[in-house]
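Residue numbers (our numbering), protein chains in the order written: chain X, 1 to 312; chain W, 1 to 312.
Just to be clear, a hint being listed does not mean it is correct.
Treat identical chains as interchangeable: a pair holds within one or across any two.
What the hints assert, rightly or not - Pairs of lysine to aspartate or glutamate, EDC-like flavour, derived with a Cα cap of 20 Å:
no., residue 1, residue 2
1, K286, E156
2, K267, E204
3, K212, E307
4, K245, E164
5, K269, E234
6, K115, D144
Because the hints were derived from the structure by calculation, they are not lab data.
Protein chains: 2
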Amino acid sequence: MKVTVAGVGAMGTRFALKLKQAGNDVTVVDGWDERVAALKQGGLRANLDGEEVAVDVPVYGQKEVPHDLHFDVVLFFTKSMQLEQMVKDMLPVFDDDTLALCLMNGIGHEKTLEKYLPKNRVFLGNTMWTAQMTRPDHVLLEDDGSCELRNVEPGEPQDRRAAELVKTLDEAGLKARLLDDPRYSVFRKGCVNGTLNTLCTLFECNLEEFGKTSRAHEMVVGVVKEFAAVGEKEGIHLDVDEAVKHVEDCYRVIGAHYPSMYQDLVKNKRRTEIDYINGYVARHGKKYGLATPLCDLLTAELHTKEELQNAQ
Amino acid sequence: MKVTVAGVGAMGTRFALKLKQAGNDVTVVDGWDERVAALKQGGLRANLDGEEVAVDVPVYGQKEVPHDLHFDVVLFFTKSMQLEQMVKDMLPVFDDDTLALCLMNGIGHEKTLEKYLPKNRVFLGNTMWTAQMTRPDHVLLEDDGSCELRNVEPGEPQDRRAAELVKTLDEAGLKARLLDDPRYSVFRKGCVNGTLNTLCTLFECNLEEFGKTSRAHEMVVGVVKEFAAVGEKEGIHLDVDEAVKHVEDCYRVIGAHYPSMYQDLVKNKRRTEIDYINGYVARHGKKYGLATPLCDLLTAELHTKEELQNAQ
Numbered sequence: 001m002k003v004t005v006a007g008v009g010a011m012g013t014r015f016a017l018k019l020k021q022a023g024n025d026v027t028v029v030d031g032w033d034e035r036v037a038a039l040k041q042g043g044l045r046a047n048l049d050g051e052e053v054a055v056d057v058p059v060y061g062q063k064e065v066p067h068d069l070h071f072d073v074v075l076f077f078t079k080s081m082q083l084e085q086m087v088k089d090m091l092p093v094f095d096d097d098t099l100a101l102c103l104m105n106g107i108g109h110e111k112t113l114e115k116y117l118p119k120n121r122v123f124l125g126n127t128m129w130t131a132q133m134t135r136p137d138h139v140l141l142e143d144d145g146s147c148e149l150r151n152v153e154p155g156e157p158q159d160r161r162a163a164e165l166v167k168t169l170d171e172a173g174l175k176a177r178l179l180d181d182p183r184y185s186v187f188r189k190g191c192v193n194g195t196l197n198t199l200c201t202l203f204e205c206n207l208e209e210f211g212k213t214s215r216a217h218e219m220v221v222g223v224v225k226e227f228a229a230v231g232e233k234e235g236i237h238l239d240v241d242e243a244v245k246h247v248e249d250c251y252r253v254i255g256a257h258y259p260s261m262y263q264d265l266v267k268n269k270r271r272t273e274i275d276y277i278n279g280y281v282a283r284h285g286k287k288y289g290l291a292t293p294l295c296d297l298l299t300a301e302l303h304t305k306e307e308l309q310n311a312q
Numbered sequence: 001m002k003v004t005v006a007g008v009g010a011m012g013t014r015f016a017l018k019l020k021q022a023g024n025d026v027t028v029v030d031g032w033d034e035r036v037a038a039l040k041q042g043g044l045r046a047n048l049d050g051e052e053v054a055v056d057v058p059v060y061g062q063k064e065v066p067h068d069l070h071f072d073v074v075l076f077f078t079k080s081m082q083l084e085q086m087v088k089d090m091l092p093v094f095d096d097d098t099l100a101l102c103l104m105n106g107i108g109h110e111k112t113l114e115k116y117l118p119k120n121r122v123f124l125g126n127t128m129w130t131a132q133m134t135r136p137d138h139v140l141l142e143d144d145g146s147c148e149l150r151n152v153e154p155g156e157p158q159d160r161r162a163a164e165l166v167k168t169l170d171e172a173g174l175k176a177r178l179l180d181d182p183r184y185s186v187f188r189k190g191c192v193n194g195t196l197n198t199l200c201t202l203f204e205c206n207l208e209e210f211g212k213t214s215r216a217h218e219m220v221v222g223v224v225k226e227f228a229a230v231g232e233k234e235g236i237h238l239d240v241d242e243a244v245k246h247v248e249d250c251y252r253v254i255g256a257h258y259p260s261m262y263q264d265l266v267k268n269k270r271r272t273e274i275d276y277i278n279g280y281v282a283r284h285g286k287k288y289g290l291a292t293p294l295c296d297l298l299t300a301e302l303h304t305k306e307e308l309q310n311a312q
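All chains, please: the whole structure from these sequences, using the hints.
Written out as structure tokens, the structure is:
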């Protein structure tokens, strides 16, 4: 498959690397000059499950993508707040049959894609893989993971093409599966991010350390209930107990992991994606007349921490 | 006046020092062995408004106070969770006319005192002075401040004795004033502690730094509203706007100050008084059927931070 990964930070690098190693035709695009320079110089470099790898692929800065390129799929892996600009910058390479796939953290990204692309070419999902940028030219890829996706609008040919995307990702070792309802899955993953990413960033700890504290369960349940209440208003029925278990399974499965939000703010002094996670629930709760005091406070707390750290 | 200060951490030292310098007969008692040893060796040592001072006073460990001593007033300045044990240990020195005065942070301390002492001998209030323990043998006393108090039960002779206490404290330069309702005042001070102490500890910043962040006002208002709702159920009418202003005035008046809770947890890895501040509101809110989600979450967050720091 002819794939371009638009946004090759930590997670984008994992997907680009694995897809390339599996024989796909992979191009990468990024908006961070230092990252683009490093990729042009040394390729996709990573420690992949303990082994140092370096793979050459075509690299373009976000503003210099030639308009005559063609891809079967553009896989978006920017930070949430960079998605819209990346979509706009990638539009010239979209043909009538190019698919857009978004597996990023954050709720509501399909709306951003649907502003610029026909709904039947928008594919949505999430991933439980982890990834960590160690330097502008190097990524650490450890832990087990998976990903899941589907077209946001049922019908053909997009049902068939979703199955092809799953097959391609799965054959690349990315453990992909086809979803019934991608928005349900995004909300369920949002529960993981809205608890573990947010609180581990606030407390500057990893998942396992947080999971061992005596008030963790109470906080996770409280936040997940707010996600479920807002989801319900959007036609998504989250099973709170199941979603809480999904969150708490992470303590065991990826306990040593520091969430991407921690990496952004604590390690790299960059702004977080909080507005697309707890902030989404807070904003949409207000719209539906629902009280979401925990997501309100957590969103305010994370922004406060960003300001105190002069995050850019 | 014959005064013993029971608990001579940072704030107890300020009051003991100022009272002694004004000619009162001052004794001090503390439960921390290292502190007691330092006091016995070097007296009350402090940097008081830029000047190094050292004042000798009788010093007793909490368990070694001679039962035949007499005091006009026992001024309690322990950490909240140590108050009950200190009251019990001091009971033998209480005569029929010894007063108990508590100006500590935290809500509900009068209930602890009333468990052991007649209500007409319990005096309650708070202080806006700051103080900081720099070493076990040294305290830093800067900034301007004040204190206020009253007997918890109206009537004589306690009304008169409250006026005497105020006069003694005021003549010692502690800027004391007589309150109308001490529980109102404690709740109002609780709003300061439940916002600035809690959030500055969470974010590890001083008051001014917190006050400059764009979400500070929203968080302060939210928390103060919960204090007011619980206060209302206890017959205390807090004016939310006035209480918020009282909190936010601190950014200017004592902006460089790191709250005592920050000193406890971040600096000294000791457990905080959160259960007597936001935790009081959370617990009593539950009792009255009131939702206090912000105080619930802040209490859980502070306990989580204590656990992650192995606070003792």
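Could you place K286 and E156 in one of the four classes (within, between, both, neither) given a Cα distance threshold of 20 Å?
For K286 and E156, neither the intra-copy (36 Å) nor the inter-copy (53 Å) Cα distance is at most 20 Å.
Given identical chains, is K245 near E164, meaning Cα to Cα at most 20 Å, within a copy, between copies, both, or neither?
Neither: 30 Å inside a chain and 61 Å across chains, both beyond 20 Å.
Given a CA cutoff of 20 Å, do K115 and D144 count as a within-copy pair, a between-copy pair, both, or neither?
This pair counts as neither: shortest intra-copy Cα distance 34 Å, inter-copy 57 Å.
Indicate which option fits the pair K269, E234 if close means a Cα-Cα distance not exceeding 20 Å: within, between, both or neither.
neither (34 Å within a copy, 44 Å between copies)
Homo-oligomer pair classification [E307, K212; C-alpha up to 20 Å]
Between. Shortest inter-copy distance 9 Å satisfies the 20 Å Cα cut-off; intra-copy 29 Å does not.
Between K267 and E204, at a C-alpha cutoff of 20 Å, which is it: within one copy, between copies, both, or neither?
both (10 Å within a copy, 16 Å between copies)
Hints 1, 4, 5 and 6, counting from the list given before, are not met by this structure.
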